[in-house]
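Undergrad: Chains as they are written, first to last, in our numbering: chain A, 11 to 118; chain B, 11 to 118.
A couple of the hints might just be wrong.
Each pair may be met inside one copy or between any two copies, as identical chains are not told apart.
[Unchecked claim] In silico DSS-like links for lysine-lysine, alpha-carbon gap of 27 Å or less: (1) K90 to K37; (2) K13 to K37; (3) K90 to K15; (4) K37 to K111; (5) K90 to K111; (6) K111 to K16; (7) K13 to K90.
What the hints contain is simulated information worked out from the structure, not anything from laboratory work. No experiment lies behind these values; they were computed from the predicted model shown.
Number of protein chains: 2
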Amino acid sequence: MPKPKKHVFVCVQSRPMGHPRPSCSQKNCTEVAEEFYGQLQQRQLFDQIQVTTTSCLGPCSEGPSVLVYPEGIMYGGVSKQDVAAIYDEHLLNDQPVERLKVAEEFWA
Amino acid sequence: MPKPKKHVFVCVQSRPMGHPRPSCSQKNCTEVAEEFYGQLQQRQLFDQIQVTTTSCLGPCSEGPSVLVYPEGIMYGGVSKQDVAAIYDEHLLNDQPVERLKVAEEFWA
Numbered sequence: 011m012p013k014p015k016k017h018v019f020v021c022v023q024s025r026p027m028g029h030p031r032p033s034c035s036q037k038n039c040t041e042v043a044e045e046f047y048g049q050l051q052q053r054q055l056f057d058q059i060q061v062t063t064t065s066c067l068g069p070c071s072e073g074p075s076v077l078v079y080p081e082g083i084m085y086g087g088v089s090k091q092d093v094a095a096i097y098d099e100h101l102l103n104d105q106p107v108e109r110l111k112v113a114e115e116f117w118a
Numbered sequence: 011m012p013k014p015k016k017h018v019f020v021c022v023q024s025r026p027m028g029h030p031r032p033s034c035s036q037k038n039c040t041e042v043a044e045e046f047y048g049q050l051q052q053r054q055l056f057d058q059i060q061v062t063t064t065s066c067l068g069p070c071s072e073g074p075s076v077l078v079y080p081e082g083i084m085y086g087g088v089s090k091q092d093v094a095a096i097y098d099e100h101l102l103n104d105q106p107v108e109r110l111k112v113a114e115e116f117w118a
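One chain only, chain A, in its complex shape (with noise of 0.2 Å):
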């Protein structure tokens, strides 16, 4: 197995009902992580892209979030329908999704 040209880290971090801090999994991260598993299989490239689901990656409050390396680009508030664009820009063209990137604040 290759050292990947980029990983892709996805929270999937649950909370208890009431927890007093929000989780990516009240926000559907799970899907969020189906869909970039699914591309990854859809598009064939496992020689260069990998995929990992995580525990808490830190900016809860702007979940669904998802890291990638080398880079150390972190976005937030993901949904299914941003997959495809990370894909397209970021992993395949390395331009990141700027509009999907968190503010400085939370990862800078």
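Please build the complex by placing chain B on the supplied structure of chain A, with the hints as guidance.
TA: Here is chain B on its own, set in the frame of chain A:
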């Protein structure tokens, strides 16, 4: 929350008994993850290092697996006792711990 200088991803994947693929969970990855979090606290490195647990990182046969970005260095067979060296040598001094790197066939 600042973007970390080093981001440590610790696989905590588990699999059912009898599953044909080994898992990091079978090999005490939980105590490895706890040791990374414990030393982060003891050393008060929250402003420069982030630790996140993950699903499967790939080289299951070589686990427990620990991946450090932005370099993309994959360590294998990491024990609780190895964590201090990863902090001292790699995370704080930019010298990856050669003896813990997985072989190139697993990540290169």
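Undergrad: Work down the list of hints and note, for each, if the structure agrees.
TA: Now the hints, each set against the structure:
no., hint, result
1, K90 to K37, "within (11 Å within a copy, 34 Å between copies)"
2, K13 to K37, "between (30 Å within a copy, 23 Å between copies)"
3, K90 to K15, "within (22 Å within a copy, 29 Å between copies)"
4, K37 to K111, "within (17 Å within a copy, 36 Å between copies)"
5, K90 to K111, "within (15 Å within a copy, 35 Å between copies)"
6, K111 to K16, "both (16 Å within a copy, 20 Å between copies)"
7, K13 to K90, "both (26 Å within a copy, 25 Å between copies)"
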